[in-house]
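> Here the protein sequences line up with chains A and B, keeping their order. Here the first sequence is numbered in the working numbering, starting from 1 and rising by one per residue. Here the second sequence is numbered in the working numbering, starting from 1 and rising by one per residue.
Some hints could be false.
A pair holds if it fits inside one copy or across any two, identical chains being indistinguishable in the list.
[Said to hold, decoys possible] Derived DSSO-like pairs (lysine-lysine); straight-line CA-CA distance at most 30 Å:
{"hint": "1", "residue 1": "188", "residue 2": "229"}
{"hint": "2", "residue 1": "11", "residue 2": "82"}
{"hint": "3", "residue 1": "59", "residue 2": "229"}
{"hint": "4", "residue 1": "162", "residue 2": "59"}
{"hint": "5", "residue 1": "188", "residue 2": "59"}
{"hint": "6", "residue 1": "82", "residue 2": "162"}
{"hint": "7", "residue 1": "229", "residue 2": "82"}
{"hint": "8", "residue 1": "59", "residue 2": "11"}
{"hint": "9", "residue 1": "16", "residue 2": "82"}
{"hint": "10", "residue 1": "82", "residue 2": "219"}
{"hint": "11", "residue 1": "219", "residue 2": "188"}
{"hint": "12", "residue 1": "219", "residue 2": "11"}
Because the hints were derived from the structure by calculation, they are not lab data. Everything numeric in this text was worked out from a predicted model, so none of it was measured.
2 protein chains.
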Amino acid sequence: MSTFPPELAGKLIDGKGIARSLTDRIGREVSSFIEQGNAVPGLAVVLVGNDPASEVYVKNKAIQTHRAGMRSFMHMLPQSTKQEELLELLAQLNANPQIHGILVQLPLPPQIDPVVVTNAIAPHKDVDGLGEVNAGRLSLGIDGLVPCTPLGCLMLLQSVHKDMTGKHAVVIGASSLVGKPMAQLLLKQNCTVSVAHIHTRDTRALAREADILVVATGKHGLVRGDWIKPGATVIDVGITRVPTPEGRTRLVGDVAFEEALPIAGHITPVPGGVGPMTIACLLHNTLQAARVTQGQSKGEAL
Amino acid sequence: MSTFPPELAGKLIDGKGIARSLTDRIGREVSSFIEQGNAVPGLAVVLVGNDPASEVYVKNKAIQTHRAGMRSFMHMLPQSTKQEELLELLAQLNANPQIHGILVQLPLPPQIDPVVVTNAIAPHKDVDGLGEVNAGRLSLGIDGLVPCTPLGCLMLLQSVHKDMTGKHAVVIGASSLVGKPMAQLLLKQNCTVSVAHIHTRDTRALAREADILVVATGKHGLVRGDWIKPGATVIDVGITRVPTPEGRTRLVGDVAFEEALPIAGHITPVPGGVGPMTIACLLHNTLQAARVTQGQSKGEAL
């Protein structure tokens, strides 16, 4: 990232720093949780196949889990794994009392139905929050495990907004992984919430009404400077690798960052914004799952 | 309701007529379902306490279920019923193969937690669609049982819109019973969806942007004529009994109907709009639940 003058740099939401603070706090909470006589929280990560990007993600999750003082279990299965074999493994992990969280890395090979697999994880171990029970709890406002990326976005928003009541939040992108749970979280914060997507007729006009704008489309540079209401808080979930004129590559978000920075009140950079929060929230969810299993209330309310 | 000139009467969405057609069709489908050798679909309705309005609702549900050719089971328990007694009954109903749908009439007495009770109904028998599994399925876009009132609203919308893609739908009211599932259904129809509620700063301005406006607040007359975009479709879920100047009472909705009628493109009256659809959708869900139990796909897609 370039260096910005102080008045612009002050607008940046430092996801990397916030994620590090959260991870440090979780580490301390894990220590005191174990000192109180509870089992060491354990996270099982399951990877099927040899996608290189997925291998990197899974490895990073395992390392950070371990660093936070938790047990990390890795299960790497071949690309040819049958659905029933994966379901058998999940049944074992569901029954294993050393394991409090289970994550199956997506995408899965074509012979495996991700919906069946996701719903085969016991709801109280579903630390990705992607199963139907946790999705329902989020929708109904019942405590449950919230998907990591939108939870991270919420924490970034809470770093700049003490109270979001009455703010108009616009979410661009309506995926089950980010956009839809994000909308639920913002409703719970008493925001007025609008969801735009590929079929929305005038996304720019809707975005311009947003006090809080969350963009999760995977289309790099979609949101231009003139899409943003002056002073709005912008959370950019997108992350795409693009070639530079010098023949190298760099990571960019769904927001045209240089255009948006002078207009937004607060904005997340890419990289260093939402990205680092996702793993930190996975650790948060794993500790929460361990607490619930051992009959403790969760550490903090959202 | 008054009599309107033809150009205004043509704007009315005839919920009563549409519900009657749906109920008739379900009756025919039930007949052929049974003729094909399937069990008679059965609905169990559970009432706890002596609320007179609830007694009327429950009785109407039972009668209409019976008229549609299905079995109707009524369980009326005293106000003093303990939660564990109700859960015991629900376990029996879950296990009873003659029963395909279970509905617990709300509200429940204060000693009973409605969340616990709702989630004690087996998801495939949860014909009110209020449990966490069905809420999650709706949120994730997986087939499931959809709450009756928003499902009825969707059918009324489909009676005037073949395709809602790209329309801006605004839902006023964010309850788990109506507003939130309604927003999910409208997203699934490819609408751009905004949800307003008690904390929304300028509900009128947002409502004026709506091509489709669904109002479910319980505040009679909240939505005035100048809240409505000319030509919009207005679905009024509210139903409140108010006194008339003549010392009688009448039922009114959340929309100031006489003001809205000349401006809206289509509008539901109160009574005779959304109300009759709710029981018709309960019958629809009961037949769907019976079909799923007996391994048939559901009758029609949404």
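> Among all the numbered hints in the text so far, which are the ones the structure does not match?
Per hint list: 2, 3, 4, 5, 6, 7, 8, 9, 10 violated.
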